[in-house]
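Throw the hints in and build the complete structure from the sequences for me.
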Amino acid sequence: MNNYTVYLLREDIKTDCDAIAVEVAGIPVVDGASHYGTMFVKPTAPREPKWSPLFTPFVDKKKLGHVQSSAAVLIVPVDKRLFAVTFGQGRHLLKPEAFEERFGLLVTLNSVRQDALRSVDKRAFVDDQNSRVQTSQASAALEFGIDIERDLIRGIVGYPDAPEMGRRLSGSDALNFTSKADIPELRRQLRRYLRAYSSTDYKEKFPWVDQVRQLRPKGQRAVELDALLVEKLKTAWQQGGRVEGCWLAIPDVVDWTRIAGFKFTRKKNEGMSSDLHLPGLVQAYPDAEPNIEFLRSRQAFAVDEEQWTIDDWQIYRCIHCELEDGGKSYVLSAGNWFEVHDDFAASIEEFYANIAKFPLELPIYNHNDEAAYNQALVDESNGAWCLMDRKLLNVGGVHDKVEFCDVYGAKTLLHIKHYGSSSVLGHLFNQGLVSAELLKSDKSFVQLANEKIDPAHALDLSFDVPRDVTDYKVVFGVISQSEASGLHLPFFAKVVVKSVCTRILERGFGEVMLAKISVDQDKVKVKKLPPGKKPAKRGQMMARGSH
174 MNNYTVYLLR EDIKTDCDAI AVEVAGIPVV DGASHYGTMF VKPTAPREPK WSPLFTPFVD
234 KKKLGHVQSS AAVLIVPVDK RLFAVTFGQG RHLLKPEAFE ERFGLLVTLN SVRQDALRSV
294 DKRAFVDDQN SRVQTSQASA ALEFGIDIER DLIRGIVGYP DAPEMGRRLS GSDALNFTSK
354 ADIPELRRQL RRYLRAYSST DYKEKFPWVD QVRQLRPKGQ RAVELDALLV EKLKTAWQQG
414 GRVEGCWLAI PDVVDWTRIA GFKFTRKKNE GMSSDLHLPG LVQAYPDAEP NIEFLRSRQA
474 FAVDEEQWTI DDWQIYRCIH CELEDGGKSY VLSAGNWFEV HDDFAASIEE FYANIAKFPL
534 ELPIYNHNDE AAYNQALVDE SNGAWCLMDR KLLNVGGVHD KVEFCDVYGA KTLLHIKHYG
594 SSSVLGHLFN QGLVSAELLK SDKSFVQLAN EKIDPAHALD LSFDVPRDVT DYKVVFGVIS
654 QSEASGLHLP FFAKVVVKSV CTRILERGFG EVMLAKISVD QDKVKVKKLP PGKKPAKRGQ
714 MMARGSH
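First residue of the sequence shown: 174, per our numbering; consecutive thereafter.
There may be inaccurate statements among the hints.
Unchecked claim - When the alpha-carbon atoms are kept at most 30 angstroms apart in a straight line, the in silico DSS-like pairs for lysine-lysine are as follows:
no. : residue 1 : residue 2
1   : 268       : 501
2   : 405       : 501
3   : 584       : 671
4   : 584       : 625
5   : 253       : 235
Hints in this document: simulated from the structure, not taken from any laboratory.
Computed from a prediction, not measured in an experiment: that's the story for all the values here.
If you want it as structure tokens, here you go:
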């Protein structure tokens, strides 16, 4: 049996050299009048093993041997298309934009049975967590714990229905297959895979696979979308940072108790703003050309009152962009482009539009951090609310320590967080879900909450598990600087809130609501350093602010 790794080159790749990234000569692979393809091989010199320095003080290094890696690509023409069969490190000889995305995945999905999967590579696109789930025997897709709304399928291993497709297929961008086929028989085998790639049968067996797909960062489509992003940002530069469908958001969960503001340069006179936003970026770089190189080479800084750096991120990772092109919807989130199926996008938007809005108007945010806002909300409520912020309940187990909510009153659990990327807001929604589930089913959790809750708001402990929670509401309040009406969340945050709302309501809670907490516009303005203060130098910032 032979093991092969195969890429399908894009249709506009017409010659071998169009796909090869290095200067190496092609070697025809022929047998008489039969031409099987063209081989490209990158010569590599033998080198000492990486571990050899451990032993060279004691052993003659000549006795430790040498290692030598190989890199080769065989380009095979099949029915007016070109395939690249790679050997060793041959994948690195191909141009990143030269091959089709998801070729191997679609071939595998179209060739295997629904219940004949052995391994699934998935990525939670909000939490940015990659995982591989394997089973000891062939299983159906949902037995791998796939959340069809929140997981991207990046690779699948399974057994094909037809023996001629090979013993086992493994697919992502590349297709890995095991077959008896040798070089003279390879073209016939690749023709089978080309037909499988063109099929849409997988949409019947695995209809959720196309809901969202992540684009390869240097792939052709991602490069084209980056160009559209640049055009949108040029408009933003002309309009003082205002542009439809594009904004900045903190890409990671941060400790707001340490952060006083945000900067885009280390200039003394820049000052800092209370949150990340495009107008602040344009103000910091008014004459910049907002190209991809600029976005990847500049950073956004989270700083304290004296402008010591607490955290920093590449600006490209902070951009959230939602756009349509060629009749398809795309989202840039945390530095990655995603293609979103129209039906899936429509279902998410419809659900989000119908989430109830919290009827009580919450105070405008004009505070240094969430903790100060929560405290003020409670102090000004005449006893309607009590503070639960940062009062962690040690429940143990997989959840360890859990926050009941930030503010509680009248059977309403209010969770509050600054606006951020999908992963930041996803953290808020998931916290609310965990708390709701424990309130429903864990009596010890309720007892722990009562130990830290204001006696006037004490929870009733005379209940059976599972608790009747029909009178309880879960409310998510998001601190947003946007002056537009309503609360606009990043697309993937809407995906998470749909999942969370559905699960909370399924557990019997009366309502799940959203609340927009507006920000005092004076708070949004760039703040300068107090007289006599100077921002720290780069080395000092890194030494004091790194964590």
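For a C-alpha distance cap of 30 angstroms, please report whether residue 268 and residue 501 respect it. Given that 30 angstroms is the threshold and the Cα spacing comes to 25 angstroms, the pair holds.
Does the alpha-carbon distance linking residue 253 and residue 235 stay inside the 30 angstroms limit? With Cα atoms ~50 angstroms apart, residue 253 and residue 235 exceed 30 angstroms; violated.
What's the verdict on residue 584 and residue 625, does the C-alpha distance respect the 30 angstroms limit or exceed it? Within the cut-off at roughly 16 angstroms; holds.
query = CA of residue 405 to CA of residue 501, is that 30 angstroms or under?
reply = Cα-Cα ~17 angstroms, so holds.
Taking 30 angstroms as the top limit, are the C-alpha atoms of residue 584 and residue 671 close enough? holds, 22 angstroms
The structure does not agree with numbered hint 5 stated previously, though it agrees with all others.
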